[in-house]
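Asks: Sequence:
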Amino acid sequence: MKSTSTRPLRLAYARIAQETHAFSPVTSTLDDFRRFHWLEGDALARACGRWRAEVPGMIRNAELSGFVRAARGALGRRVELVPLLSAWAVPSGPLAADANEALRGALADGLRRAGPLDGCYLALHGAMRARGADREPEAGFLAAAREVLGPDRPLAVSYDLHGHLTPAKVDPATLTVAYRTNPHRDLASTGARAGALLARAVTGEVRPTSAWRSLPLVLGGGLTIDFLSPMRPLFRRLRALEREPRVLSTSLFMCHPFNDAPDLGWSVHATTDGDPALADAVADELADRAWAVRHEQPPEFLAPEAGIAAAREATLARRLGTVCVVDTSDVVGAGSTGENTHLVRALLEHGAGMTSYVPLRDPVAVAALWDRAPGDAVALEVGGRIDPATNPPVAVAGKLRSRATTTHFGRAVVLDLGHVQLVLTELPPLPLKPRFYGDLGLDCWRADLVVVKSFFHYRIYFLAHNRRSIPIRTRGLTDFERVLELDFADAVHPKDPVACWRPADARRRGLAPAPAARAPVAQGATA
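Every letter in the sequence shown is one number past the one before it in the numbering used here, and letter 247, counting from 1, is 249.
Some clues are possibly wrong.
If you anchor each label on the Cβ, the simulated ranges turn out as follows [said to hold, decoys possible]:
id, residue 1, residue 2, range
1, W53, P264, 42 to 50 Å
2, R234, R52, 30 to 38 Å
3, A493, R387, 37 to 45 Å
4, G412, R470, 28 to 36 Å
5, E42, Q299, 38 to 46 Å
Derived by calculation from the structure, the hints in this document are not laboratory data.
A quick note: this is a predicted structure, and the numbers were derived from the prediction, not measured.
All C-beta atoms in this analysis are idealised placements derived from N, C-alpha and C, irrespective of residue type, glycine included.
My request is simple: use the sequences and hints to build the entire structure.
Replies: What follows is the structure, given as structure tokens:
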């Protein structure tokens, strides 16, 4: 039954997000969130305004901005939006137990202080892990929200498409949606989808009913880019299914492979309007389609010398712009530490004649150089502060070029080492945008090679500059081979031969025996 109340509907919204690298030796703390992005109450509401930047210096419009606009667009004056908290941290190691507890407590306290609510929206990542007994923080956040809201008020949650679904993440939520782009460029529209659906749920226009599947699959889909083969047809099918009026939402989760959850794997989720059989059929079809791309594995990445040689041969690309060298072994965007010295050493030894910009995390070197004057000659060892066995220090000599205090990466200094311009940062460097280098006086148009520590997202922001991408593999935390070192609860592709996804899915969802195959959805939904 639709709501007939004339009072404003009160909807709360919040974010707690970080992508965790379970193998990282770094422990994430509450300060990591406070340094990168932490807003509460009115400050959060202002940041989500139409002409504001939700995450200044990084993202203008993300999930919460999209949610606010969709909820107001759907409900107008009938809605009162209640901003709670937005806490976001750069991908890194697992959360400290006290940080996990503090974030869960902040969310619960905010919901309790908000007073009577008709619903709530949470923007989470889906791949957050913690140290201690409570390894799944997001399950705790959802449980805390559900406890305050009660059993009947709708709870919408959105995730990164690299999230990992579990019963404890699925069951408390009324609505679950995920990004549909990789590189991610639909954060705001994902929040808007969640907001529009939550508005329909709180007014009684729809009765969400969900189904999901968990696949024993950790690596597949090739590059996993949404607009390229083999993933493009699958993402098109997600949208096509929603043209059936009874299908409210469809989502694919390709999991974060650097996650030590024993049930790690790809997942699919479907929500319909009061039709559980249809939800099951949609989830089954999407699971089969996702399983079909499992043999398309990530490409082989070049060794440093071969990658540098390829960049040298790309004369036209360097003349017209720059070459983005992807440091695939030290992807800070996937939670690595940012202190890969192997690539620095390789560029110093083999990159002569090409100007290279390279970031490296080294707070000790930054502190030692901070009071030096630009132009001073410097000679020191850099790197190897966190994990010297993986990233041994490298000796460098040159001159101090510049220094600056950055918004998100702490203090930074630039060393002119001749053909290598080395950027040392206190915190993990995440050069997603040319601005990372530009703020330190390094013009990316003048570089032959620009090192990025991101698998995908740099492609968006470096679009004007980048003429070629060259992924280079050395040895580090984000080598895909690390996934095969894990002990899973099931046989998991590609570590093990797996003929069928259904037995593992049935166990993961607490079902026995495994459900029978269902016919694909045809009515009203075409690919």
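Asks: Range first: 30 to 38 Å. Now tell me if the beta carbons of R234 and R52 are that far apart.
Replies: Check passed, 32 Å falls within 30 to 38 Å.
Asks: Range first: 42 to 50 Å. Now tell me if the beta carbons of W53 and P264 are that far apart.
Replies: holds, 46 Å
Asks: Return holds or violated for the Cβ distance of E42 and Q299 against the range 38 to 46 Å.
Replies: holds, 43 Å
Asks: Is the gap between the beta carbons of A493 and R387 within 37 to 45 Å?
Replies: holds, 39 Å
Asks: Does 28 to 36 Å hold as the CB distance between G412 and R470, or does it fail?
Replies: The hint (28 to 36 Å, Cβ to Cβ) holds, given that G412 and R470 are roughly 31 Å apart.
The structure fails none of the hints (numbered hints given earlier).
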